[in-house]
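A.B. asks: Kindly generate the complete structure, drawing on both the sequences and the hints.
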Amino acid sequence: MQKQIKLQVARYRPEQESESVFDEFEVPCPNDWVVLDGLNHIKDQLDGTLSYRWSCRMGICGSCGMTVNGEPKLTCATFLTDYAPGPVRVEPLRNFPVIRDLIVDLGDFMQKLVRVKPWIVRAAEKPLSSGEYLQTPEEMDEYKQFSMCINCMLCYSACPIYGLDPKFIGPAAIALAQRYNLDSRDEGAAERLEVLSDHEGIWGCTFVGECTKVCPKNVNPAGAIQRYKLNAALESVKSFFLPRGA
Amino acid sequence: MIKRSAEPLLWMTFSAGGVVAALVLPVLLFLFGVAFPLGWLTPPSVTHLAAVIGHPLTRLALVVVCTVSLFHAAHRFRYTLYDGLQIKHLNELIAILCYGGAVVGSLASVYLLATF
Numbered sequence: 011m012q013k014q015i016k017l018q019v020a021r022y023r024p025e026q027e028s029e030s031v032f033d034e035f036e037v038p039c040p041n042d043w044v045v046l047d048g049l050n051h052i053k054d055q056l057d058g059t060l061s062y063r064w065s066c067r068m069g070i071c072g073s074c075g076m077t078v079n080g081e082p083k084l085t086c087a088t089f090l091t092d093y094a095p096g097p098v099r100v101e102p103l104r105n106f107p108v109i110r111d112l113i114v115d116l117g118d119f120m121q122k123l124v125r126v127k128p129w130i131v132r133a134a135e136k137p138l139s140s141g142e143y144l145q146t147p148e149e150m151d152e153y154k155q156f157s158m159c160i161n162c163m164l165c166y167s168a169c170p171i172y173g174l175d176p177k178f179i180g181p182a183a184i185a186l187a188q189r190y191n192l193d194s195r196d197e198g199a200a201e202r203l204e205v206l207s208d209h210e211g212i213w214g215c216t217f218v219g220e221c222t223k224v225c226p227k228n229v230n231p232a233g234a235i236q237r238y239k240l241n242a243a244l245e246s247v248k249s250f251f252l253p254r255g256a
Numbered sequence: 002m003i004k005r006s007a008e009p010l011l012w013m014t015f016s017a018g019g020v021v022a023a024l025v026l027p028v029l030l031f032l033f034g035v036a037f038p039l040g041w042l043t044p045p046s047v048t049h050l051a052a053v054i055g056h057p058l059t060r061l062a063l064v065v066v067c068t069v070s071l072f073h074a075a076h077r078f079r080y081t082l083y084d085g086l087q088i089k090h091l092n093e094l095i096a097i098l099c100y101g102g103a104v105v106g107s108l109a110s111v112y113l114l115a116t117f
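Each protein sequence line maps, in turn, to chains Z and Y.
Mind the numbering: the first sequence is residues 11 to 256 in the working numbering, read in order.
Mind the numbering: the second sequence is residues 2 to 117 in the working numbering, read in order.
Any given hint could turn out to be false.
[Unchecked claim] If you only want the chain Y side, here are some residues facing chain Z, beta carbon under 7 angstroms, derived: (1) PRO9; (2) TRP12; (3) ASP84; (4) GLU93.
For the record, the hints were derived by calculation from the structure and aren't laboratory data.
Cβ coordinates follow ideal geometry from the N, Cα and C atoms, glycine included.
C.D. replies: Take a look at the structure:
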């Protein structure tokens with residue numbers, strides 16, 4: 011008989027209940043099954059009404075982030091057998107409004123992300139005829155780590171500051187701002203500084219470090235924020251002594 | 002243009018204070034609080050210590066150690082109150098008490114070292 015494990019899955023159907031309840035399901039637990047496989051099994055075999063997001067199954071798309079036994083995890087990279095004999099509690103990501111079952115509303119992050127201009131900003135674009143913007147491998151190494159972010163929102167879910175103050179721009183947005191600030195082709199650092207040097211920007215962070223701990227892509231947002239704090243502090247000293255930006 | 006705010010300056014004192022407090026204070030506390038009183042190490046004579054503290058550079062260093070460490074503590078405590086007790090609406094009062102305390106403590110260290 012195949013090994014089974016119990017999944018306690020948070021359900022929230024706004025037309026049916028005013029707050030989240032748990033449904034229990036027994037699912038197979040082979041060694042190569044991740045939590046997402048368990049959820050897919052429920053959806054296919056046991057209860058087709060279960061709602062959750064997923065796409066790639068390989069830690070690239072960043073859409074299957076959920077709270078597994080209290081910790082923010084990518085469910086496609088979290089093996090069921092690691093939780094044997096169970097039960098495994100699957101809840102939506104914390105710090106976001108729940109739309110249905112395991113699906114949260116990411117609208118807040120989407121608005122914040124645009125504010126830090128996560129694209130290459132140029133004062134003037136080169137004409138196409140003059141070719142590509144070249145970059146050495148060393149220049150790419152400067153920002154590569156921060157470019158690994160898949161917007162899975164585990165860091166926002168883990169960040170106690172974001173939980174307390176939703177105005178805080180948050181770890182992934184700051185790490186992505188740094189990804190472009192450190193890009194040799196980019197000229198938008200001053201524009202981003204305006205957004206990030208706010209109290210709701212980097213200064214809201216008190217370096218709890220949970221964002222880096224839960225990041226499935228080793229982006230190290232906490233490190234990005236601390237580095238950026240030093241940079242912003244030096245810029246602020248410079249602008250004090252050289253108010254006209256000499 | 003960066004918005005004028007005291008936050009970068011406060012963070013720099015916090016950051017400097019963290020480094021100084023972590024590097025200098027444990028050594029001083031170990032020497033003068035544990036090793037000398039318990040006789041593990043031979044303490045320097047009073048005249049020797051007085052001569053060391055009498056030097057302007059020592060005094061300056063000690064004032065810097067006290068000041069940045071106190072600002073570090075003030076900043077940390079301010080955010081602990083904000084986030085731990087959820088009393089952000091008392092922002093001004095908390096800031097005045099925390100950083101005010103650090104200023105008073107720093108002035109006391111200046112006074113003590115200047116009149117030593």
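A.B. asks: Hints broken by the structure, by number, lowest first?
C.D. replies: 4
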